[in-house]
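Asks: So the chains spell out like this:
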Amino acid sequence: MHRSRVATLGVAALVLAACGGNGAGTPQKKTELTLYNDKGAWTKYFDEMGALSKQSIGLGMKPTGYTDSAQYQAFIKASFRTNVKPDLFTWQTGGMLAEIVKQKQVADTTAVWQEAIKAGDLSPDLAPYYTVGGKQYCVPMNVAYWGMFYNKKIFDKYDLKPPQTWDDLVKTAETLKKNGVKAFYHTSVLFSFVWFEQLMAGTDPDLYDRLSTGKAKYTDPGVVQVMERWKQLIDAGYFINPGDKTDPGDVLKTGKAAMVSFGTWFNTSMTTRSMKAGTDYDFFVIPNVNPALPKTSMIFESGPLCSLAKAADPDASMKYLKWWTTAQAQEKWATSRGDVSANPKVTISDPALGTVTKDAGGGKYRLVNRYFEATPPQILTAALDGFGKFVTEPGTYKEVLETIQKEADEYWSTHQ
Amino acid sequence: MLGRFRYGYVAPAALLVAVLLYAPFVWTAYLSLTRYDGLEPPVWAGLANFAKLFDDAALLTSTRNTLIWVIGTMVLPVGLGLLVAVLSYDIRGGAWFRVPFMLPYALSGAGLAMVWSPVLSHDGIANVLLGVDTAFLQEAPANTFAMLAVWTWQQLGVNCLLFVVGLQSIPREPIEAARLDGASGWRLFRHVIWPLMRPLTAVVVGLALVSSLKTFDIVWVLTQGGPGRNSETLAVTMYKETFVASDYGYGSAVAVLLTVVTGLASYLYLRRQVTAT
Amino acid sequence: MIRRAVLVLLGLVWLGPTYLLLVNAARPASGYDPASAWIPSGDFALLENFGRAVEGANLGGSLASTALYSVVSPLLGVLIGALAGYVIVVLRLRHGFWWFLLIFGGTVFPSQMLLVPLFVGYSDAGLYDSRLGLILIYTAINVPLAAFVLRNFYSGIAFSIFEAARMDGASTFRVFWRIYLPMSLPALAAVFILEFTFIWNDLIFGLTLTQTEDVRPVMTAIAGLMTDVYAGTPVPVGLAAGLVVSLPTVVLFLATQRLFARGLSLGSVQ
Chain A
1042 MHRSRVATLG
1052 VAALVLAACG
1062 GNGAGTPQKK
1072 TELTLYNDKG
1082 AWTKYFDEMG
1092 ALSKQSIGLG
1102 MKPTGYTDSA
1112 QYQAFIKASF
1122 RTNVKPDLFT
1132 WQTGGMLAEI
1142 VKQKQVADTT
1152 AVWQEAIKAG
1162 DLSPDLAPYY
1172 TVGGKQYCVP
1182 MNVAYWGMFY
1192 NKKIFDKYDL
1202 KPPQTWDDLV
1212 KTAETLKKNG
1222 VKAFYHTSVL
1232 FSFVWFEQLM
1242 AGTDPDLYDR
1252 LSTGKAKYTD
1262 PGVVQVMERW
1272 KQLIDAGYFI
1282 NPGDKTDPGD
1292 VLKTGKAAMV
1302 SFGTWFNTSM
1312 TTRSMKAGTD
1322 YDFFVIPNVN
1332 PALPKTSMIF
1342 ESGPLCSLAK
1352 AADPDASMKY
1362 LKWWTTAQAQ
1372 EKWATSRGDV
1382 SANPKVTISD
1392 PALGTVTKDA
1402 GGGKYRLVNR
1412 YFEATPPQIL
1422 TAALDGFGKF
1432 VTEPGTYKEV
1442 LETIQKEADE
1452 YWSTHQ
Chain B
2 MLGRFRYGYV
12 APAALLVAVL
22 LYAPFVWTAY
32 LSLTRYDGLE
42 PPVWAGLANF
52 AKLFDDAALL
62 TSTRNTLIWV
72 IGTMVLPVGL
82 GLLVAVLSYD
92 IRGGAWFRVP
102 FMLPYALSGA
112 GLAMVWSPVL
122 SHDGIANVLL
132 GVDTAFLQEA
142 PANTFAMLAV
152 WTWQQLGVNC
162 LLFVVGLQSI
172 PREPIEAARL
182 DGASGWRLFR
192 HVIWPLMRPL
202 TAVVVGLALV
212 SSLKTFDIVW
222 VLTQGGPGRN
232 SETLAVTMYK
242 ETFVASDYGY
252 GSAVAVLLTV
262 VTGLASYLYL
272 RRQVTAT
Chain C
-10 MIRRAVLVLL
0 GLVWLGPTYL
10 LLVNAARPAS
20 GYDPASAWIP
30 SGDFALLENF
40 GRAVEGANLG
50 GSLASTALYS
60 VVSPLLGVLI
70 GALAGYVIVV
80 LRLRHGFWWF
90 LLIFGGTVFP
100 SQMLLVPLFV
110 GYSDAGLYDS
120 RLGLILIYTA
130 INVPLAAFVL
140 RNFYSGIAFS
150 IFEAARMDGA
160 STFRVFWRIY
170 LPMSLPALAA
180 VFILEFTFIW
190 NDLIFGLTLT
200 QTEDVRPVMT
210 AIAGLMTDVY
220 AGTPVPVGLA
230 AGLVVSLPTV
240 VLFLATQRLF
250 ARGLSLGSVQ
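From first to last, the protein sequence lines are chains A, B and C. If you count the first sequence from 1, you need to add 1041 to reach our numbering. If you count the second sequence from 1, you need to add 1 to reach our numbering. Numbering follows our numbering, with no gaps: position 34 of the third sequence is 23.
Please note that the accuracy of each hint is not assured.
Cβ-to-Cβ under 8 Å is the rule here; a few derived chain B residues that face chain A [stated by the list, open to error]:
| no. | residue |
| --- | --- |
| 1 | Ala136 |
| 2 | Gln139 |
| 3 | Val193 |
| 4 | Trp195 |
| 5 | Arg199 |
| 6 | Thr202 |
| 7 | Gln225 |
| 8 | Pro228 |
| 9 | Ala246 |
Below, in silico cross-link-like pairs of lysine to any residue (SDA-like), each with a Cα-Cα straight-line distance of 25 Å or less [what the hints assert, rightly or not]:
| no. | chain 1 | residue 1 | chain 2 | residue 2 |
| --- | --- | --- | --- | --- |
| 10 | A | Lys1071 | A | Ala1152 |
| 11 | A | Lys1447 | B | Tyr8 |
| 12 | A | Lys1118 | C | Thr201 |
| 13 | A | Lys1103 | C | Gly115 |
| 14 | A | Lys1070 | A | Gln1146 |
| 15 | A | Lys1351 | C | Glu37 |
| 16 | A | Lys1363 | A | Lys1198 |
| 17 | A | Lys1439 | B | Leu60 |
| 18 | A | Lys1317 | A | Lys1351 |
| 19 | A | Lys1351 | C | Leu(-2) |
| 20 | A | Lys1198 | A | Gly1296 |
Away from chain C, derived, C-beta distances all over 12 Å, residues of chain A [claimed, not checked]:
| no. | residue |
| --- | --- |
| 21 | Gly1081 |
| 22 | Gln1096 |
| 23 | Ala1115 |
| 24 | Lys1118 |
| 25 | Gln1146 |
| 26 | Gln1155 |
| 27 | Asp1166 |
| 28 | Val1211 |
| 29 | Lys1219 |
| 30 | Lys1256 |
| 31 | Ala1352 |
| 32 | Ala1368 |
| 33 | Gly1404 |
| 34 | Glu1440 |
| 35 | Glu1451 |
Derived by calculation from the structure, the hints in this document are not laboratory data. Bear in mind the structure is a predicted one, so any value in this text is a computation, not a measurement. Virtual Cβ for every residue (Gly too), placed ideally from N, Cα, C.
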């Protein structure tokens, strides 16, 4: 009996010892902020930013990373109703931002934007993505421009150059096909929308914009034509199997496909695989399908970094956001990941990406909001599934468009 | 004298489960009767979400796939687990023969997808070995079977372990007596060992029933239910509707459906198995 | 002999993917090609890969917390579950089947749906981001499994053992602690292994209910590397991370092998 009591006490003691961790009741003046994010894999880079900010503005930062963005968003939304308040958090532009602004949860950053634009730290071109009802909210956590990463060795072998027109691109794909090389990567999981948005934006960017605001239908002739063109490309045998589970970084590296379309952040996948820009791989801007368009359309993606209106220490959070936009912060943030920056002053080490960023900042392209942010979640869910089905069975495109439109009808009937 | 004290023995278990598992689910059950996007206050919607269940073609696919998972789990991880347990439990060094089956269980879900991707890839190892040319995770219901194979690889060991515990708990005397009567091999197993290991068999089957009805992780890491929703299970549909599409009301309705089905299935199974033991 | 042959054959099939894991986790990060994934590389870069995966992440506190959760919660779960199983079967609690059903019912809820209400409840109760909070939820999840296994295990044990012990004047708790608990050691160990592995590999509760590096389970720090395309993690680095964090579970398997060898079982006592 005696031994059993000791054991019971032991377990109890362990439980008591376990009551660690930080409870509620945080002090009003913070010296370290928590940054909730859905980029759990970037913890290392966030930590480096935290160390740098502590040094330069005396305000540290610790990241709390999630790995599943759907679960992350549900958590953030739920936190609005509780006393667990993130000091800073990452979010999405588009409808998702408007939604939480409407709930009066997000702190107004209009002053930060005005100052940063005046100082040349942010381009005014970015502002529309962060504007809801005439005011700005959040600052850009990251930006990415979408284009084509290509395997330079394969291109050199067949004497191919980055295409200047859409026809060039198709010819390039045809040459590769004749030599037994698959031209393009695509996938049926999550990133199934990439070619849809690219073809839409390069054919009729206005229609694309109307589509994302519910003013056009997925069954409109313009959209159907885009799907038909996409189908032709698949039928021509330019794409790898969409069910291939190989990491796209390895697809490009091993030449399984010669070209992979992703945002500039994909550069990280190249550098972590010890590939050299300019010799192993390179990047080009995808030409418009419709050559008559005045500017080349470029898919653009930006993830906001936000703070709450009712943050524990609103001043500290705002101070942090302001620092985040500065050249010093952005230099570190971009170079550590081999990515581009929202701050035009930052020099990008990769020459091809540097040129794209500079040109995009200079208004050379028509920036088109990425499908993922441009489309309301409910329609997006149906669309990602639909495109996943389409790339597997291209013959189903009409049925796919109808399914997406059905979801869109339901959504816009209550959200106009 | 013992009367009331006995409830003290069962109370910790009942309380923990009630407060931390039942109570949160009440919230889900409530949400299934509302329209809710996670932000604006829930709006009462009556049975609208449940009505939608009957009008949803995707739910039919999910139900079919879930059924495949349930039956497949009984045949593969459970059936093969029993086989390995029976083959190894009483031979010298039997535990070491089981090590290869236990190792995969240690691997987490995300790691699982990474290990299997070169096998299941379009020009991957499985295609070479089987002499076919297919992307295993594309067509339904083949993709569910492919995932079931991966699942079997991971789960067999733990089912086997429970069967071994069941085999060990069998008293020796009846077996010795049967041996004296000349029973051996299949007959000994069928008529003496199998009935005696029934309590633990009920555990393995009961647990597999519940977990296969709730199949989520493996599908989420390998296909996210695609392409085009053709490999979704009920749990994946529930997750997508709730968290990805932010339709908490409908997602909760799927959750309630799934819970009722799981609860009913386990009740019917347990009533037969457990009350008999 | 046939039995051994079948076991070895099946075992070899099972070792195939395990081999892939080992070979590719040990491959230099830049040398991965899915088309030749089964050919081992001459270099051994496992530790280097793992180092790259955890670079900068403070795993120290995280590891200690994870170990705490995966040991304490299954211990509590097994004990509480065994007690429930014992009172239902051996002490013949009235309406025992319904009590059992109530406890087992804890497993039927899809865990993803518990996350948001648990988070809201935890933040109200001050349990958010506390080790106690995680131990509680992990224990609650483990109790039904333990109760089920031990309830059924005890139902296979002759009632005469209980009667004999009571005749000797032992209290019901003493009978549980000194006779039934030791007798069910293999079953307890099997449940412990299951629960340890579940908690060690858990992602969703760890992510949603904690925030501080020291409280968060280690898996939350590792998983993103393997799933997030933004991370651009080379496959060998992801695999090395997965392999190394699985080691404690493997060690636990190997250490408990002895318990599942025929002959040690006390369940056959009549």
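Asks: For each hint, tell me whether it holds in the structure or not.
Replies: How the hints compare with the structure:
With a least beta-carbon distance of about 3 Å to chain A, the hint placing Ala136/B at the interface is held under the 8 Å criterion. Taken as an interface hint, Gln139/B checks out: its beta carbon lies about 4 Å from the nearest beta carbon of chain A, inside 8 Å. A hinted interface residue such as Val193/B counts as satisfied when its beta carbon comes closer than 8 Å to some beta carbon of chain A; here the least separation is about 37 Å, so the hint is violated. Interface hint at Trp195/B: violated, since its Cβ lies 37 Å from the closest Cβ of chain A, which is beyond the 8 Å cut-off.
Taken as an interface hint, Arg199/B does not check out: its beta carbon lies about 32 Å from the nearest beta carbon of chain A, beyond 8 Å. Taken as an interface hint, Thr202/B does not check out: its beta carbon lies about 32 Å from the nearest beta carbon of chain A, beyond 8 Å. For Gln225/B, the shortest C-beta to C-beta distance to chain A is roughly 5 Å, which falls under 8 Å, so the interface hint holds. This hint holds: Pro228/B has a C-beta 4 Å from the nearest C-beta of chain A, less than the 8 Å allowed.
A least Cβ separation of about 4 Å between Ala246/B and chain A falls short of the 8 Å threshold, and the interface hint therefore holds. Our distance criterion of 25 Å between C-alpha atoms is met by Lys1071/A and Ala1152/A, whose separation comes to about 21 Å. Of the supplied pair hints, the one linking Lys1447/A and Tyr8/B is violated, its CA atoms being roughly 55 Å apart against a limit of 25 Å. Our distance criterion of 25 Å between C-alpha atoms is met by Lys1118/A and Thr201/C, whose separation comes to about 19 Å.
With a C-alpha separation of about 21 Å, the suggested pair Lys1103/A and Gly115/C falls inside the 25 Å cut-off, and the hint holds. This hinted pair checks out: Lys1070/A and Gln1146/A have alpha carbons roughly 20 Å apart, not beyond 25 Å. Restraint check for Lys1351/A and Glu37/C: the C-alpha separation of about 44 Å exceeds 25 Å, so the hint is violated. Between Lys1363/A and Lys1198/A, the direct Cα distance comes to roughly 48 Å. Violation of the 25 Å bound is thereby established for this hinted pair.
For a cut-off of 25 Å, the pair hint linking Lys1439/A to Leu60/B stands: about 21 Å separates their Cα positions. Between Lys1317/A and Lys1351/A, the direct Cα distance comes to roughly 46 Å. Violation of the 25 Å bound is thereby established for this hinted pair. For the given pair, Lys1351/A sits about 63 Å from Leu(-2)/C by alpha-carbon distance, which is inconsistent with the 25 Å threshold. Simply put, Lys1198/A and Gly1296/A have alpha-carbon atoms about 12 Å apart, close enough for the 25 Å limit, and the pair holds.
With a closest Cβ-Cβ approach of about 3 Å to chain C, Gly1081/A is found to fall inside the 12 Å limit, against its non-interface label. The non-interface label for Gln1096/A is consistent with chain C: the shortest C-beta to C-beta separation is roughly 16 Å, beyond 12 Å. Not every CB of chain C is more than 12 Å from the CB of Ala1115/A (nearest about 6 Å), against its label as outside the interface. Annotated as non-interface, Lys1118/A brings its C-beta within 12 Å of a C-beta of chain C; the closest such distance is 9 Å.
Distance check for Gln1146/A against chain C: the nearest CB is about 16 Å away, which clears 12 Å, and the non-interface claim stands. Its beta-carbon lying about 30 Å from the closest one in chain C, Gln1155/A satisfies the requirement of being farther than 12 Å from that chain. With a closest Cβ-Cβ approach of about 23 Å to chain C, Asp1166/A is found to remain outside the 12 Å limit, as its non-interface label requires. Remark: the non-interface label on Val1211/A is consistent with the geometry, its nearest Cβ contact in chain C lying 27 Å away (cut-off 12 Å).
Here Lys1219/A stays apart from chain C, with its beta-carbon at least about 22 Å from theirs, past the 12 Å limit. Annotated as non-interface, Lys1256/A keeps its C-beta farther than 12 Å from every C-beta of chain C; the closest such distance is 31 Å. Distance check on Ala1352/A: its Cβ is at least 15 Å (rounded) from any Cβ of chain C, clearing the 12 Å threshold; non-interface status holds. Every CB of chain C lies more than 12 Å from the CB of Ala1368/A, the least distance being 23 Å, so the non-interface label holds.
Under the 12 Å C-beta cut-off, the non-interface status given to Gly1404/A relative to chain C holds; the minimum distance is some 27 Å. The claim that Glu1440/A lies off the interface holds: its Cβ sits roughly 28 Å from the closest Cβ of chain C, which is beyond the 12 Å cut-off. The beta carbon of Glu1451/A sits about 23 Å from the closest Cβ of chain C, which is more than 12 Å, so the claim that it is off the interface holds.
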